Amino acid sequence: MSEDKKAENHRNWLQRVQEQSWEPEILISGIVLFALFQIPPYIEQANAYLNVNSGQLFSGGNVDETLAAILLAANYWLIIGFSIHLIGRSIWAAFVGLSYVYIDGVRVDRLKYPENFKRVIAKSSNYKNLIIKLEKFCSTVFAASFLVFMCVVGVFVFIGWIGVAAFAYLELGGELNMIDKYADPFLQVLGIVYLIDFIGLGIVKRIPLINKIYFPFYRVMSFLSLSPLYRSIYYGFVTNHKWWKVTIAMLIFCFGTLVMVWAIREKADLLSTTELTINYGEDYVAALNYANLAEGKPSKRLIFESDIIERNVAKVMIVHSSEYEEEYILKQCNYEAAMEMEEVAYDSLMMACLKSFILLELDGQYIHPDYFYTEDRILERSGLLTYLDLSEYSRGMHELKLYYLLDQADEGIDTLMVADVEFFKDALPVDVSIGTARDSLKGSTN
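Counting in this note's numbering, the sequence shown runs without a single skipped number right up to 599 at its last residue.
Quick caveat, the hints were computed from the structure, so don't treat them as lab data. This structure is a prediction, so every number in the text was calculated from the model and none was measured. Fair warning: there could be bad hints in the mix.
25 Å max Cα-Cα, derived DMTMM-like pairs, lysine to aspartate or glutamate [stated by the list, open to error]:
id, residue 1, residue 2
1, LYS578, ASP523
2, LYS453, GLU545
3, LYS484, GLU463
4, LYS554, ASP516
5, LYS578, ASP516
6, LYS468, GLU514
The calculated label-pair distances, taken between Cβ atoms and stated as ranges, are [said to hold, decoys possible]:
id, residue 1, residue 2, range
7, VAL317, GLU528, 25 to 31 Å
8, LEU348, ASN487, 40 to 46 Å
9, HIS521, VAL317, 37 to 43 Å
10, SER385, ASN282, 27 to 33 Å
11, LEU348, ASP460, 20 to 26 Å
12, PHE290, ASN445, 27 to 33 Å
13, ILE233, SER385, 37 to 43 Å
14, ALA247, GLN191, 28 to 34 Å
We treat Cβ as the ideally placed atom computed from N, Cα and C, and that holds for glycine.
Take these sequences, add in the hints, and give me the full structure.
Rendered as structure tokens:
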């Protein structure tokens with residue numbers, strides 16, 4: 154077969170594929186859209202698990218929260234893109250059908266309208282032209298949706314690689330403050346430069362000298378962010394559209410992604426117009442701290458059984474997470490040295506380490522109850538369980554605070570409050586001398 158014949162066959166094959174591309178587009182959009190609406194709960198479940206079991210990274214923040222927010226943002230971008238694509242394809246299919254029924258399209262000459270109205274209607278009277286425009290629009294939206302999704306996933310993978318490297322560094326004996334002091338600022342600057350280059354359509358690549366310094370970092374970041382999978386689509390838009398249009402689209406995408414990630418992490422309601430909303434501080438009751446109010450999303454610090462206690466005992470769980478283990482808990486109780494001792498009781502050592510790290514305060518007074526280690530299968534949390542004796546406390550409002558005791562070496566112990574729980578005790582105090590409830594509601598906490 155001659156080369157010309159092969160080239161012609163290739164062109165014919167490509168044309169058939171292009172003409173039939175709407176079929177897999179609609180199929181993929183429909184199936185993926187159905188799946189996308191099912192994904193967010195699974196991402197939140199994974200985040201809930203990592204929220205307790207991941208370490209403390211990047212200036213005191215948890216890397217899992219950012220990764221989960223990025224994945225949810227990518228999911229929402231795909232939902233938006235594929236929804237627009239399906240709507241566009243539905244309109245396209247309508248015009249395809251109409252072009253078969255009405256070959257001449259809109260017959261403007263039959264309209265008894267003034268000429269200015271006819272001119273407007275005539276612009277969209279040719280069904281064939283509309284079908285071609287919609288075909289281009291839908292194919293572009295489909296490709297853009299994939300590009301947006303892969304860009305966000307690329308950021309997710311890049312941050313994931315950084316998280317793995319940070320954990321490996323800590324496991325090898327590295328210090329967390331070194332990551333905060335050096336790695337965090339460096340990655341932030343590098344990320345900003347990469348973002349500027351992405352939005353500016355390669356503006357950093359065009360600057361002499363700087364582009365030579367930037368090139369090695371560009372290659373590494375491209376690999377870590379899966380850039381080869383979507384680079385051709387990106388440059389297809391860049392080289393076939395006016396630069397200002399692409400730049401505006403990139404700005405909308407980046408700004409939208411940042412807003413999504415922020416709103417997801419902060420659990421902000423962007424549609425709410427309420428101004429006087431309190432979501433932190435002493436006047437705020439955090440539902441996640443109460444087992445009866447958490448609705449499957451309990452705290453990773455402290456879980457109190459209920460906001461209303463109708464008896465003289467209250468169950469409290471202090472959640473055990475890996476966040477402070479390496480940096481504080483294991484060091485403060487000399488865990489490694491104790492494990493080398495003969496006949497050491499592992500369970501007793503573990504309990505001693507955990508108890509030495511926490512402190513409870515009830516109504517302004519430090520308390521030291523007995524603890525047991527347990528696992529709550531319903532709330533999917535494990536930690537120290539205790540039962541507070543409230544028999545001597547009056548009926549009314551009470552406050553329980555949880556502190557972490559952080560050993561800051563030369564600076565001493567830093568008492569960090571991590572949970573604050575208010576509850577109403579709806580039971581009379583017990584007179585210990587006679588073992589009965591007092592008849593009067595009067596009395597104060599001893």
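Results for each hint:
1. LYS578 to ASP523: Roughly 21 Å between the alpha carbons, so the hint for LYS578 and ASP523 holds.
2. LYS453 to GLU545: Given that 25 Å is the threshold and the Cα spacing comes to 29 Å, the pair is violated.
3. LYS484 to GLU463: violated, 40 Å
4. LYS554 to ASP516: Given pair LYS554, ASP516 holds - Cα atoms ~8 Å apart, limit 25 Å.
5. LYS578 to ASP516: holds, 12 Å
6. LYS468 to GLU514: holds, 15 Å
7. VAL317 to GLU528: 25 to 31 Å: holds, 28 Å
8. LEU348 to ASN487: 40 to 46 Å: holds, 45 Å
9. HIS521 to VAL317: 37 to 43 Å: holds, 40 Å
10. SER385 to ASN282: 27 to 33 Å: Holds - the Cβ-Cβ distance for SER385 and ASN282, about 29 Å, lies within 27 to 33 Å.
11. LEU348 to ASP460: 20 to 26 Å: This hint is violated: roughly 44 Å between Cβ atoms.
12. PHE290 to ASN445: 27 to 33 Å: violated, 51 Å
13. ILE233 to SER385: 37 to 43 Å: violated, 23 Å
14. ALA247 to GLN191: 28 to 34 Å: At roughly 29 Å between Cβ atoms, GLN191 and ALA247 fall inside 28 to 34 Å, so the hint holds.
Violated hints for the displayed structure, listed by number in ascending order: 2, 3, 11, 12 and 13.
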